[in-house]
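Taking the hints into account, I'd like the entire structure generated from these sequences.
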Amino acid sequence: MTGSQRRVVVVSAGLSEPSSTRLLADRLAAATVADLHARGVAASAETVELRPLAHAVVDAMLTGFATGELADVLDRLYAADAIVISTPLFTTTYSGLLKSFLDVLDRDALSGVPVLLGATGGTARHSLALEYSLRPLLTYLRADVVPTSVFAATDDWAAGEGDDGGGLAGRIARAGRELAERVAARGPAAVHDPFASVADFEDLLPGG
Amino acid sequence: MQFGIFSVGDVTPDPRTGAVPGDTARVRAMLTIARHADEAGLDVFATGEHHNPPFVPSSPTTMLGYLAGVTKNIVLSTATTLITTNDPVRLAEEYAMLQVISDGRTDLMLGRGNTGPVYPWFGQDIRQGIPLAVENYALLRRLWTEDVVDWEGKFRTPLQGFTSTPRPLDGVPPFVWHGSIRSPEIAEQAAYYGDGFFHNNIFWPLHHTRQMVRFYRQRYEHHGHGPADTAIVGLGGQVFMRKDSQKAWDEFRPYFDNAPVYGHGPSMEDFTRETPLTVGSPQQVIDRYAAMREDVGDYQRQLFLMDHAGLPLKTVLEQIDLLAGEVVPVLRREAEAARPAHVPAGPPSHAERVAAHRDATASASDTADTADTAGTTAGSLA
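Heads up: the sequence lines are chains A and B, in that order.
The first sequence lines up with residues 1 to 208 when you count with the UniProt record's numbering.
The second sequence lines up with residues 1 to 382 when you count with the UniProt record's numbering.
Please keep in mind that the hints were generated in silico from the structure rather than gathered at the bench.
All of these numbers come straight from a predicted model, not from anything done at the bench.
Check the hints yourself; a few may be wrong.
A few chain A residues facing chain B, derived, Cβ under 8 Å [claimed, not checked]: (1) 15; (2) 18; (3) 63; (4) 64; (5) 90; (6) 191; (7) 195; (8) 198; (9) 201; (10) 205.
Some residues of chain A that are not near chain B, with every Cβ distance over 12 Å (derived) [said to hold, decoys possible]: (11) 42; (12) 182; (13) 184; (14) 202.
C-beta: ideal position from N, C-alpha, C; glycine also.
Set out below in structure tokens:
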């Protein structure tokens, strides 16, 4: 293992307990960490469940600032080398709780950060929901979203790999590899400091 | 150290009675509150400037001009004056007029304003918020310090041979604060000019306040105005007091639960823990606010929000009495005892600024024959 330990923060937006969304999150995280280890990069993952933070997220939307456990979670997220987001699909799109959570982040906090997307849903009819809903949102935040996102329908949990490797396990492995590649190619995450980017006032004046 | 109150002038139903004051009653309540604060011995009354309901104070210098005539000692200020949507020519004229009328009991706090629709009402565009604030303030300073101004910029018609009248009192403009809740750029602007920085932290946790004030202090020193601990800092505050702290909690809770901004959100328990809101006895308010200096250093102005969320006028006046009678004398004594001698006790008064201006002018003329006087501190108003 070389270099400093890379940290993968996993955000799981499932509401039930136990949750298939959490199960998917754990498998995506494990695939990423395993692939980093195979590349000789030290890495670990920690998972954040949004459900216990739901009230704090709403408070932060109303007051404009995060407190307590949510504030700690945001600090860890801002310092992450990579982020895995796993959400259930509700009425065709990612959960409202996840959207509210993303709404309270500092706008520049995810800029350039490698992100892997996962979602769970009832049937394969929602397979592209991540592509038309969550991916554009992360693109807006200028996150570096890997090409493979993983949608797991109920059927997927029972299906085998088949002949072409297109089953759930194969997709998870590919997505984890893509995220690991981004992390390995990128230096350790810089400290997020909102005061670092303030221009000297001289430069704001005409002729400055 | 100065202690005072600031008002946003919100028209909010009283959640206990459902009563809603009309605009006229609310404006008159603000006048009564300001006069009462002066009589009670508070140092500052500051009014917001808003151009949309449910807020009434659209015309600060009209209100403050009246108050200048009916108050004796209190400093009349703003929280905030919109440097983006007001024409800097009008600001130069109106606040110089107020300064003359109040005989120097005037300062003002500039802010950008964050309500997008307000900008086009005054012919501006919120996307230009920061460039507007930068250009307008640079022009405002020139209009106050130079008798005849030739000027051309991006956002208003050029000026040729323009003189803003009345000229500032004794040739020295009012002291300026820059107010910001979350924009470090504004702290940087205040630091660049050596002006005051007011951080309205009433809805924010202390760790954020600490960062903003530290940043301003560092930049103040960087720009050559003196050591970081001599920078001029003001903070917001929010309290509700009764002698019996449980009574304070019971009485204030419906106002908290239904208040604009934070109502229907976090519990009062959470909010009082995380923000400067203090509900309880005068002693609890003293303990909380006396400790602020441990996080932000010795500071010069503390303003409290007292008339909001539908609190009845009678209650607000009682709160002012408690603040001025029981809290401020102790806080003032403690701040004075803790303050190192080289740190200013308050923002510079008009008399101090006149004296500083005289000294600067005298030393400039002493050296005029031998040195390039352009080397004086870039941002100094004096």
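Structure-based check of each hint:
no. : hint : in the structure
1   : 15   : violated (21 Å)
2   : 18   : violated (30 Å)
3   : 63   : holds (5 Å)
4   : 64   : holds (6 Å)
5   : 90   : violated (24 Å)
6   : 191  : violated (13 Å)
7   : 195  : holds (5 Å)
8   : 198  : holds (4 Å)
9   : 201  : holds (4 Å)
10  : 205  : holds (7 Å)
11  : 42   : holds (31 Å)
12  : 182  : holds (30 Å)
13  : 184  : holds (33 Å)
14  : 202  : violated (7 Å)
When held up to the earlier numbered hints, the structure conflicts with 1, 2, 5, 6 and 14 and fits the remainder.
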